[in-house]
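Kindly produce the complete structure, drawing on both the sequences and the hints.
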Amino acid sequence: MIEAIYTSVNLRDELKQSPFIPFIEKFAMEHFSQGYKIPIIRGKLTIIIKFIRWAAYKSVTPKNLKKHHIEKFKLELPPRANQIGHGAKLGFSRFIEIIEKNCGRQLAEKYLGRFQGCKKINAETLVFEKYMKDDRGLTDTSIVRFKTTIRQFLTFIFPKSNFNPKKITAADILDFLKERGKYFNDRTLRCDGSAIKCYMRFLFGNGLTRTDLSHAVPQFSIWRNQNVIHTITEEEMLKMLSSCDRDEAVGVRDFAILLLLMRYGLRPIEIIKLKLHDICWDEKKIVVQGKGKKSVFPLESDAEEALRRYIKNARPESKDNQVFIRAKAPFICFSQSGAISSVVRQALDRCHLNPKISGARLLRYSAASNILNKGGTLQEVSELLRHTSINTSVRYTRLDMTRLKLVALAWPNTWEDAV
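Position 187, counted from 1, in the sequence shown is what my numbering calls 206; the numbers after and before it change by one each time, with no gaps.
Honestly, the hints are just simulated from the structure, not real lab data.
Treat the hints with caution; some may be incorrect.
Stated by the list, open to error - Think about it this way: if two alpha-carbon atoms lie no more than 30 Å apart in a straight line, the pair counts; the simulated DSBU-like pairs of lysine-lysine are:
no., residue 1, residue 2
1, Lys45, Lys108
2, Lys166, Lys294
3, Lys120, Lys56
4, Lys338, Lys294
5, Lys152, Lys186
6, Lys201, Lys186
7, Lys393, Lys312
Bear in mind that the values here come from a model prediction, so they are computed numbers and not experimental data.
Put into structure tokens, the structure is as follows:
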């Protein structure tokens, strides 16, 4: 791999004589398999080359490499090294991780986010995660959400890492929710409350608290159907599809994503989770992993054509089994649902559309509106959007303009008619 990256014979010979050459080769092959071009890999090796030369001068090898060697190397880097691109710095961090994995010892300090700095809290959330999975049988999405909330909750209560579950009080719960209420809406707070209730029951059931503090979590009243549902018309959805440049790989991918959102009313997380084996070409069906259960849809001809064209002609080679892959290296699956909403926003910008909401849910709402305005029933909307109760779908009746016109009262011509 080194021969393909560097043309200089002297540099290649220098690297081959280094005891770090197996790790350099592995680093280069890993990035090449992820779709990085040779010039990009060469750039990521910039600091690594400096480290290898420094290690040779200091007689440091992979066998005697220690954490203080890494720290000393960073301190001895010249000031101009700070101007090296962010990719090269990330490349060096990844290079050290490869050595760590092979040597079985930690060589660099790990950065932990704001809510991951306390080892006791991290250990506690892992135990709570096992409880949610094994004892409560929660879905993966709920487990991730609850685990994140509890880590934030415990960090808020014990900012100095003096974690002790017996010291948690009802006032702590209320203070945390009040603070969250400054930045998040009622629905997020209700989810936070559910997470804290679950955690308090976990503590009480294991004898870690004297009382069951789940009763201290307040109820959050959310008035159903109070917000206006914003949608776009069928013509505007077609305009979004037409805005995709299907001569480019990104356009082919975005066209397929938008079509699935419009045709099946999928959630962005469902787009991300869609795997290659979920598309049954012979049986003309597509399997969607929803909230805790799978749903099967007929594979419409236009959706089949869009998916087939993307997978065959535009999808990069990747180790990931997900259908949709990043268009730029590293060629891996999307990690967050916000990436799907970004595809929708970019299509709206190309069409110069400016609806009240611009994420992926806009197309989900619009798909429901399209069914009703074409004479479909509320039951059909509920089945398409996979609501557990038809009551959840009632809010979409406000989008049925055809039927609303039939029940609307005539506007009075005179004051006497109004009285």
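Status of each hint after checking the structure:
1. Lys45 x Lys108: Answer holds: Lys45 to Lys108 is near 17 Å, not above 30 Å.
2. Lys166 x Lys294: holds (26 Å)
3. Lys120 x Lys56: holds (25 Å)
4. Lys338 x Lys294: The hint holds at about 12 Å.
5. Lys152 x Lys186: holds (26 Å)
6. Lys201 x Lys186: holds (25 Å)
7. Lys393 x Lys312: holds (29 Å)
When the structure is compared with the earlier hints, no violation turns up for any of them.
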